[in-house]
Amino acid sequence: MSSSQRKVWLDPASLADEGDISEIGGNLPDHIKQQSLNVYLNMGVSTPSRFGYKLGRSVKWIEYSIHKNPERNGRAEAITLGEIVVTEDMLNGADTFHGACLSYLIDICGNGPVVIFGLDRGLITTGISQSLNVTFHSPAHLGDCLRIKSTCFGVGKRIRTAKCEIYEKESGRMICSGLLTTMEPDASRL
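At position 143 of the sequence shown (counting the first as 1) the number is 143 in full-length UniProt numbering, and the numbers step up by one without a gap.
It cannot be assumed that every hint is accurate.
[As the list claims (entries may be wrong)] Below, computed lysine-lysine pairings styled on DSS-like, alpha-carbon distance capped at 30 Å:
hint, residue 1, residue 2
1, K60, K149
2, K68, K54
3, K149, K68
4, K68, K157
5, K60, K163
6, K169, K54
7, K149, K169
8, K54, K149
9, K169, K60
10, K163, K68
11, K54, K163
12, K169, K68
If you are wondering where the hints come from, they were derived from the structure by calculation, not from laboratory data. Keep in mind it's a predicted model, so treat the numbers as computed, not measured.
Please build the complete structure, drawing on both the sequences and the hints.
Below is the structure:
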């Protein structure tokens, strides 16, 4: 099977439009915003009976962009910015935002800029999580509005890397950060 005919795990162009992109700012054309949102809404937050549905649907996307980073010799970086308000069903026994919820958000939100980076370059960069490294910095509490900033800084033929930071919107206090590596699954296993 040639590379142009290879089976892909999830082709963004094959997904029906879902969600409203009118509130998503940033410098990307609407078709890239829409396809990226379609991928997000179909990768784990599409079926109400599935794990993480309510949590994933609670994220409000506010920006999808690609910028040149002067600190990296002008290399392009894709960025997504979202917000979520901590609700009671997200709390652990200590009445703080559960670490499993934070890890899940880093996994699903960290993939967004990877997809955007690929779409901007005509590539399909959807994939599966290979590794997730999470650091918890401080607790978040009921009612806190959190920002989720994800940045893709590496897309190779099979491996993609993104970092994700979750911080309290009002104070900027870091809640959690993580590094996500995704990969294209082996076509023979699909």
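Results of checking the hints against the structure:
A hinted pair counts as satisfied when its Cα atoms are at most 30 Å apart, and K60 with K149 qualifies at roughly 12 Å. Using a Cα cut-off of 30 Å, the hinted pair K68 and K54 is violated, with the two alpha carbons roughly 34 Å apart. For a cut-off of 30 Å, the pair hint linking K149 to K68 stands: about 16 Å separates their Cα positions. Of the supplied pair hints, the one linking K68 and K157 holds, its CA atoms being roughly 21 Å apart against a limit of 30 Å.
Proposed proximity of K60 and K163 is supported: the alpha carbons are some 19 Å apart, at most 30 Å. Between K169 and K54 the CA atoms are separated by roughly 21 Å; this keeps the pair inside 30 Å, and the hint holds. Between the alpha carbons of K149 and K169 the distance comes to roughly 11 Å, so the proposed pair stays at or under 30 Å and holds. In summary, the hint linking K54 to K149 is supported, as the alpha carbons are separated by about 20 Å, within the 30 Å threshold.
Taken as a hint, the K169 and K60 pair is honoured in the structure, with Cα atoms around 13 Å apart against an allowance of 30 Å. Using a Cα cut-off of 30 Å, the hinted pair K163 and K68 holds, with the two alpha carbons roughly 16 Å apart. Distance restraint check for K54 and K163: the Cα-Cα separation of roughly 23 Å lies within the 30 Å cut-off, and the hinted pair is therefore satisfied. For the suggested pair K169 and K68, the alpha carbons sit about 24 Å apart, so the restraint of at most 30 Å is met.
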